[in-house]
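Engineer: One-letter residues, chain by chain:
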Amino acid sequence: MSGAALFLAILAALAIVVAMYAVGIFNRLVALKNRYENAFAQIEVQLKRRHDLIPNLVETVKGYMSHERETLEAVIHARNQAVGGLEKAAGKPGDPAAMKALGGAEGALTGAMGRLLALSESYPDLRASENMQQLTEELTSTENKVSFARQAFNDAVTLYNTAKQSFPAILFAGMFSHSQDAAFLEFDSQAIAEAPKVSF
Amino acid sequence: MATQFFEHQDRARRQTSRLIFLFGLAVAALVLGLYVLAAVGTGFRGTDPRTQQLVFEIVWLDPLLMIQVGLLTLVVVGGASLYRVHQLSGGGRVVAEGLGGRLLHSDSNEPLERKILNVVEEMAIASGIPTPPVYFLDHEEGINAFAAGFSPSDAVIGITRGCAQQLSRDELQGVVAHEFSHIMNGDMRLNIRLMGVLYGILVIGMIGYFLLRSSLWAGVASRRNSRDNSTMVMVAGGIALMALGFLGTFFGNLIKASVSRQREFLADASAVQFTRNPAGIAGALKKIGGFEAGSQIESPAAPESSHLFFGQALSSGLNSLFATHPPLAERIKILDPNWQGAMTETGGAAAPSQSAAAAGFAGDGTATAFAGSAIDQMGRISTAHLDYAVRLLRELPAAVKEAAHDSFAARAVVYALLMDADPESRELQLGILDAKGEPGVPELTRKLLPEMERLGPAHRLPLIDLALPALRNLSTSQYERFQGLVHDLVQADDHIDLFEWTLQRILLTHLAPNFEGVRRPGRRLRSERQLRQVLETILSSLARVGNLSESAMQESVARAGSALVKAELQLLPEDEVGLASLDEALGLAASLDSSAKERVLRACAQVIAADGEVADSEAELFRAIGDSLGCPVPPLLPGQALV
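Protein sequence lines, in the order shown, are assigned to chains P and H.
Mapping the first sequence onto the working numbering, position 127 (from 1) lands on 127, and the numbers just tick up by one.
Mapping the second sequence onto the working numbering, position 427 (from 1) lands on 627, and the numbers just tick up by one.
Just so you know, these hints were derived from the structure itself, not from any lab.
Computed from a prediction, not measured in an experiment: that's the story for all the values here.
It is possible that some hints are incorrect.
Over 12 Å on every C-beta distance to chain P, these chain H residues come out as not near it, computed from the model [as the list claims (entries may be wrong)]: (1) L222; (2) K647; (3) H659.
Far from chain H, some chain P residues (derived; all Cβ distances over 12 Å) [said to hold, decoys possible]: (4) V30; (5) A41; (6) K100; (7) G104; (8) L119; (9) M132; (10) F172.
Partner residues are not named here, just some residues of chain P that face chain H (Cβ under 8 Å, in silico) [to be verified]: (11) L14; (12) N27; (13) L29; (14) N34; (15) N38; (16) S147; (17) N161.
Backbone N, C-alpha and C fix where the C-beta goes; we use that ideal spot for every residue, glycine too.
Looking at chain H on its own, in the form it has when it is part of the complex:
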């Protein structure tokens, strides 16, 4: 059974061909428009001195002109799109900063900010992704939110001031869940790519605007008769370009609308699934309906990014055909069939939620039994996961949680997690820490150790999820020092154990894009043989982690691999596999397409589960592999099967 996550990614990919067609149509329309403009422009002969009328000698069919105009348009549109795509390769934070977002620090104690951060954290742990950075749009009064990025690793969430102030905790959770579903469904990647590509057709309008402004200015500055006509031509040209620009925007919105509307319904539905609380997200939509500012976004960057938002960001006017979001009433009706059409009037801030302790779920105290296996449920969070996340967060000692939220102390949390159980190795590690550690950190690590030892394995990865935002705020040189120390601590006992490898892998996957730029998978798999090698490395490494005999391992690898490639996969010998070679293999595997990744993950799960038990370290390993492939893996619930 293909899981929803991969289905969505594939569907997004298929939509791409339709989008390319529409985009091509837009460019063709622009070329035509520009050609007409150029033909008129080059046919302009001046003013008839007797009648004071403009004289034109237009050649309507001029192949050379058409080619020139076509080339120029392609260069401008192509160049602009490439430029924007390159700029956006910085990831979600580029979008957020462009919209005027202010990064919230994870150790903020301001009540409004704390509320948002807590809700996002709970959702992140439930989904198995690191807490995304949260950007606050201070100046936006409308109730809205967005998620942007290429993958869960560089995803960011944005919340407007209106959203934070007007919504209750439940409603906020609904909105955040909606955004998380975009992250989990892989919608974000297409969205951000759309932004880049559509920029090309928007740029012509921008040039027109610039031309208009500068020619008006020049016309005012010099008002001699002989200049009048040329200025007028420039003004006319500017206006015409702007008109063409609207054409570009028209197509742009058409393209965006054809993609985003269906997905918005889907995201609403997923949000309900996550929170078991249709009232939350429906409530938010009703408040938008009743709120004067609605979900309007004032920022000049709004047109470009309108499809990233939760609610309709721009007033549609006659653009209801090209609205990026389905009509509000329709969305509410689907979530709340008994709704009679009354929107919620809001004026001041929302009443403080009395159920803050209940954390927005119908807490009846008992954990919901969870039937689906982890791999089948990937990309679909449930209330069980959310309940689990809230409980987990409550179990963490306050000092440890506080440390994880603070950039300075988060490093100590990671070092403490890496401390060996064996006293001798630990002494060695503490020695390294004393020698090379940053000022004040070794002491803090020692202080945190006793509390952290009491935590079970289930808390380890969530703790990293909590600490990642703080770690992202390290400066580049601080990060390099941190990375070096993590490496030294892991190597201290000459033996990389599974958890150490998992930790390093997750840190690398999620921090590297922050400091080294979001990199697309560089090396691609070039041949069937290479793919087989990669798979053998991955599956053999996993098989050797378990407790089976050599022959049983071979069997599990072969069986798991049969779904992936035709040739039978061989179990690689002990000395040829190791966690080091796993790094390289995963790097290559990251370039596979969605359905291939799904099968790889399923195969991994099968091999891990082959020995009849899934140790905590193996579950963590599975999560790290999922992370490396860009596939969020929610926490394995107690009693849940892996495959």
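Chain P extracted, bound-state conformation:
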């Protein structure tokens, strides 16, 4: 067999090796993507729980804070926005636009709830009611879980982005529909910074 043919054979073998390596990288990226998608599913569970608690909260508080209509309505509005944001983000974990929208909506909800709870401090009857105590307890627990799930998601996103950006993965990532970095989920904290309005 001629030298040229042997050369071709070696080249072919090399090409196969490179191809396999590329497939290996692709598989790893897919696995990491699965992981952050899985983590996002966890966030969804906790956020739904959070959303479900709010109508209950509003009902309980309404009896005692009937003239704080603005604040109550702000909470309901923010909650509905957040529910919508979650629905839109449902199929797109890591998508920058979806994450930004969801983060903004949830951040606004956190802000509105924060104001409501701050206000409720000035209503001792409300604070003492068993219903309210149970609710605040559940809310705190849910907030912790949301925060926890969000952290896990962001960690998983970091792992994916790092793997994708490292050498030599970065050479292949573009070809395999892993071109875009996944986005973190941040709850926009600007909404919380606003001072609670107190009206008498």
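Put chain H on the given structure of chain P with help from the hints.
Structural biologist: For chain H alone, coordinates are given in the frame of chain P:
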């Protein structure tokens, strides 16, 4: 009496030599085929301009060509297999994700998912392994299930949508029991290794397919006369490679069939043993027989993993010789001798099981008396264990169970388990928790403590088994923080007690593969002397846990060790042994082969039982040691002897 678990592992090992032979045969056939192809290809001289026929001048016996073809084949096959084996070293989850599985979260409340998770949990506690992650194959309508992984630590279970929807709880339990028996029998390791190795012979067909596709595409793109012949050659080459690829698949299936069929019968039998309910698994098989989609798996990854499934995943056609599973009718007949051949027609979803509360066992309320000792029963679960597991689960307070299922709260469960009984130490620990704990967790721990204090020692390890899936879902940095805190809590009172060590050991054994990759035992035992050292460390540590005098301890160690090594084992002095050195010794012991591990465990059991009583903490210790060696140890039933 060698226990079944180790027997199976050894048998699997012996089969390996037969498999290697068959694999070698496959590679040889491929080389021959490729050589013929190469000889024809290099003998091609072009087209005779007058007759328009292809002209060949083939040299049939060309040693140089043969060597080149042989080398190339070996490189490609070897490389592909190595690659796949490396990829699969990620453990069972790689297989599950490859089949399109979706991980079910342990705190799921969706009824179908909850049913599956509950059945798997009961089985896990009964077997003494952590609840394996359950992957749901949403898009598979066929009734099927699989178990994949290298060891009980990284095992995963997969269930198809068809299985979840069509089967009753009893039948589902039968299927899950069948899969658990694969886990307990050590079948999984061979299965997943087969997947990796066989990939090499499948890859040639894949290359052929690729060549065919690309040359057809190139041929269409440029239709000049002078190109026609070379394109045709490439097309012919592609087809030929694909044909060779089928040869590879043929051998692959032959290899798989020779391994898996016998084991499937065995797994069916074990499943019956676990559940005392032949109707469960037979019912599942009958439903597969009567169901249009049968047990078909549509995923493109099915051919590679067909031997991992409960039912025949690919339609055999003329492959009945190479079917990975025994014929359905045969399996049913063995389980139900009175069966007349009628399959169960199923259309819609199964009727809701009215015996859900009875949890799929013939509950007559009394616990079955259990005769065998724990070590003899290893790897063989019984209905007594399953009954015990169901009862245990019912005894757990709902809040605690719910917490164990949730990734956030599972950490609090573990921290609460680590709380010292001594008030002063506990204060110290709570202080550490307040200082370093993750947000919200210290409060949750305090809340769970009162309920958990009411639980007996029997609940401790099962609780960890329940919590492990949730803990696996921690992110890497969350896990590191968790591990650090567990370590700090254990060290708080400057003294590691037995349970703390056991807990840490079990957590490490089962969580590390998840976060740090499935590691094969790195360091191997290199000499008889090293083995003796390791054994002395292990047995002395265990002896010193009991209540015997120095001389009695020495005697128990020597006696237990006599079955293991020739030289008499010495009891090591107090200051030379401790739970820390036990860690290292166990790491080395994990590299022993099956029969050696069995003897080590038996020796451990003897030493523990030497003082006439087996404290709960000692039983837990035994379980932790079994875990570290990759040997599932079912819970010690009330009144059961250890050895």
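Engineer: Each of the hints needs a verdict: does it hold here or not?
Structural biologist: The hints, checked one at a time:
no.	hint	in the structure
1	L222	24 Å, holds
2	K647	9 Å, violated
3	H659	23 Å, holds
4	V30	8 Å, violated
5	A41	7 Å, violated
6	K100	21 Å, holds
7	G104	22 Å, holds
8	L119	23 Å, holds
9	M132	18 Å, holds
10	F172	15 Å, holds
11	L14	10 Å, violated
12	N27	6 Å, holds
13	L29	12 Å, violated
14	N34	6 Å, holds
15	N38	6 Å, holds
16	S147	7 Å, holds
17	N161	14 Å, violated
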